[in-house]
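Chemist: What follows is each chain in one-letter form.
Protein chains: 2
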Amino acid sequence: MRIQPECIPCILRQALETCKIATEEESKWEEALQKVAYSLSKTTFDNVTPLEVSHNAQRIVRRVTGVSDPYEDLKKRSNRKAMRTYSNLKKRVSDSEDTFYTATKIAIAGNVIDVGPGHEFEIKETIENVLGREFSINHFDFFKREVKNADKIFYLGDNAGEIVFDRIFLEELPGKEITFFVRNSPILNDVTIKEVKSVGLDQLSEIKKIKTEKQDSRLDGITEDFFDKLKNADVVISKGQGNYEAFSGIDANIFYLLMVKCSLVAESLERKEGDIIIKAARY
Amino acid sequence: MRIQPECIPCILRQALETCKIATEEESKWEEALQKVAYSLSKTTFDNVTPLEVSHNAQRIVRRVTGVSDPYEDLKKRSNRKAMRTYSNLKKRVSDSEDTFYTATKIAIAGNVIDVGPGHEFEIKETIENVLGREFSINHFDFFKREVKNADKIFYLGDNAGEIVFDRIFLEELPGKEITFFVRNSPILNDVTIKEVKSVGLDQLSEIKKIKTEKQDSRLDGITEDFFDKLKNADVVISKGQGNYEAFSGIDANIFYLLMVKCSLVAESLERKEGDIIIKAARY
Chain A
1 MRIQPECIPC ILRQALETCK IATEEESKWE EALQKVAYSL SKTTFDNVTP LEVSHNAQRI
61 VRRVTGVSDP YEDLKKRSNR KAMRTYSNLK KRVSDSEDTF YTATKIAIAG NVIDVGPGHE
121 FEIKETIENV LGREFSINHF DFFKREVKNA DKIFYLGDNA GEIVFDRIFL EELPGKEITF
181 FVRNSPILND VTIKEVKSVG LDQLSEIKKI KTEKQDSRLD GITEDFFDKL KNADVVISKG
241 QGNYEAFSGI DANIFYLLMV KCSLVAESLE RKEGDIIIKA ARY
Chain B
1 MRIQPECIPC ILRQALETCK IATEEESKWE EALQKVAYSL SKTTFDNVTP LEVSHNAQRI
61 VRRVTGVSDP YEDLKKRSNR KAMRTYSNLK KRVSDSEDTF YTATKIAIAG NVIDVGPGHE
121 FEIKETIENV LGREFSINHF DFFKREVKNA DKIFYLGDNA GEIVFDRIFL EELPGKEITF
181 FVRNSPILND VTIKEVKSVG LDQLSEIKKI KTEKQDSRLD GITEDFFDKL KNADVVISKG
241 QGNYEAFSGI DANIFYLLMV KCSLVAESLE RKEGDIIIKA ARY
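Keeping their order, the protein sequence lines are chains A and B.
Each residue of the first sequence is one higher than the one before, counting from 1 in the UniProt record's numbering.
Each residue of the second sequence is one higher than the one before, counting from 1 in the UniProt record's numbering.
No wet-lab data here; the hints were simulated from the structure.
Even for Gly, the Cβ is constructed at its ideal location relative to N, Cα and C.
Just so you know, not all the hints are guaranteed correct.
[Claimed, not checked] Reference listing, derived: stretches of chain A covered by chain B, where coverage requires no fewer than 3 residues with Cβ under 8 Å from a Cβ of chain B:
#1 2-8
#2 20-34
#3 41-50
[What the hints assert, rightly or not] Okay, derived cross-link-like pairs now, EDC-like style, lysine to aspartate or glutamate, Cα gap no bigger than 20 Å in a straight line:
#4 B:K28 with A:D251
#5 B:K42 with A:D251
#6 A:K211 with A:E270
#7 A:K28 with A:D46
#8 B:K42 with A:D46
[Claimed, not checked] So these bits of chain A aren't anywhere near chain B, every CB distance computed over 12 Å:
#9 R13
#10 Q14
#11 E17
#12 Y38
#13 D95
#14 R133
#15 E146
#16 K176
#17 N184
#18 K209
#19 K211
#20 F226
#21 K231
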């Protein structure tokens, strides 16, 4: 998905939020905002995804505030909160008629929860809500068939907290060779290797970073090589909007599992905000 | 009120909204966004109000799109809509126990409605709602006394549509020498001389522009001379948030009539969003 004009104010707003999380020094917020605004003034709207521009804005914030991972603490807390619901949810899966379906729904629920300040109570409510809802784009049967038949599965991770629910899903796939991909560098509450290891995902899968162009330090662009890798995987499971923005349009056996959280993604998917989606790129 | 970091993404978002109203050419939106972002990257946070920075952003949008007053049509429609409720509201005032109080409440209701896509039905509902609500800061008695005793009144106008309700208020002040101030140049749906004349306010008051520094073309700063004028007026009535942002902190006999519409103004007034306010600077 190419960046849209609407993304520009939104990326600036996100940058300010990150500043506030990183430091209480308002002069740093001001300096970072000025620098992010300057960098946004150079944004070209061709061949660039929202994620790339956001990455760059977040990098500026990290540099100005001197905080290498502003969401580190928030991510830890999200993982801990989610882990406290783990055994209940495992039981929910094993008690269900179609364990694969329930586990898929729980993985999507993780995306609905996003990190957030939610308490365990709200997490449980959200799970129940998602379990009771229909997919607005529903390629579940095709998804199930493709996953069951696959040997090698790529899983593109999204947020902290959410990965606990990803783990519940991945535990339903014994015997598969799973590679779990995380961001190259910290951006918002997206997971890095650290968070993924802390919830034990390294026991279930090989953890790798999404490969980005070293030479293009400006935009943290995803490498052609990585796109090729995706094309050759048996199945790619992509969680969340950020990955949808970055990888939609690629001709690979990708399945997008997400909740629609912004009007532009809604437009791109021809659905509305709040909808839950399981969409096959090759359906 | 000095500009806050939170204003920067907000001003960029407003600029994009104005682009969309001005033209359907997306390349113009992109160009304007880049230029506004560049200009925001130069924002200093000392001695500058949100209104000034917003003015500048809006000026860039007008220049890039080539549309000298993007909200012209919207302003016309707002005035027409509001005028259709005029005679009913006049009756509402004359039937009321305290006509001055009712007319003041109606002037505030105009600020609550803001331009917007509201139908006459919604306008009536909003008026009833505001008439039934308490002021969250209530210097009404002092306001009434000062206005009754004043000879010369300055009225700082706000939006199109709203000015019809300002007219109803001003009609309750026969014999006073009223000067109605409007913006120097078009910004959002704020009134200029044109809109004010079209609802007949020139019959009730002298219309003047808020004087701005010609030499500081960058920021459209309000002149020291104009601030002095305000200090010497018997009473200044200031409508809306934009004027509050620009004039709060001035030691003049100003009364701010507004609804709180953003978290920073809420913080500055120690009240919450949605509250309606009648606040005396010299209480």
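Chemist: All the hints need checking, so say for each whether the structure fits it.
Modeler: Status of each hint after checking the structure:
1. Remark: the region 2-8 of chain A is confirmed as covered by chain B, as 3 of its residues place a Cβ nearer than 8 Å to a Cβ of that chain, reaching the required three.
2. Counting residues of the region 20-34 of chain A whose C-beta lies closer than 8 Å to any C-beta of chain B gives 5; at least three are required, and the coverage claim holds.
3. A stretch counts as covered by a chain when three or more of its residues have a beta carbon under 8 Å from one of that chain; for the region 41-50 of chain A and chain B the count is 4, and the coverage holds.
4. The straight-line distance between the Cα atoms of B:K28 and A:D251 is roughly 32 Å, outside the 20 Å bound, and the hint therefore fails.
5. Our distance criterion of 20 Å between C-alpha atoms is broken by B:K42 and A:D251, whose separation comes to about 42 Å.
6. Between A:K211 and A:E270, the direct Cα distance comes to roughly 30 Å. Violation of the 20 Å bound is thereby established for this hinted pair.
7. Using a Cα cut-off of 20 Å, the hinted pair A:K28 and A:D46 is violated, with the two alpha carbons roughly 31 Å apart.
8. In summary, the hint linking B:K42 to A:D46 is not supported, as the alpha carbons are separated by about 26 Å, beyond the 20 Å threshold.
9. In this structure A:R13 is not separated from chain B by more than 12 Å, as the shortest Cβ-Cβ distance comes to only about 4 Å.
10. Distance check for A:Q14 against chain B: the nearest CB is about 9 Å away, which does not clear 12 Å, and the non-interface claim fails.
11. Not every beta carbon of chain B lies more than 12 Å from that of A:E17, the smallest distance being close to 9 Å; the non-interface claim is violated.
12. At roughly 4 Å, the least C-beta separation between A:Y38 and chain B is not larger than 12 Å, which violates its mark as non-interface.
13. With a least CB separation of 45 Å from chain B, A:D95 remains clear of the 12 Å interface cut-off, as annotated.
14. No Cβ of chain B approaches the Cβ of A:R133 within 12 Å, the least distance being about 31 Å, so the stated non-interface status holds.
15. The claim that A:E146 lies off the interface holds: its Cβ sits roughly 37 Å from the closest Cβ of chain B, which is beyond the 12 Å cut-off.
16. Even its closest Cβ contact with chain B, about 43 Å, leaves A:K176 beyond 12 Å, as expected for a residue assigned away from the interface.
17. Against chain B, the non-interface label of A:N184 holds: every CB pair exceeds 12 Å, the least being about 25 Å.
18. Under the 12 Å C-beta cut-off, the non-interface status given to A:K209 relative to chain B holds; the minimum distance is some 30 Å.
19. Once the 12 Å rule is applied to beta carbons, A:K211 is consistent with being away from chain B; the minimum gap is 29 Å.
20. A cut-off of 12 Å between C-beta atoms confirms that A:F226 is not in contact with chain B; the least separation is 28 Å.
21. Listed as a non-interface residue, A:K231 keeps its Cβ farther than 12 Å from every Cβ of chain B; the least gap is roughly 31 Å.
Checked against the numbered hints above, the structure breaks hints 4, 5, 6, 7, 8, 9, 10, 11, 12 and satisfies the rest.
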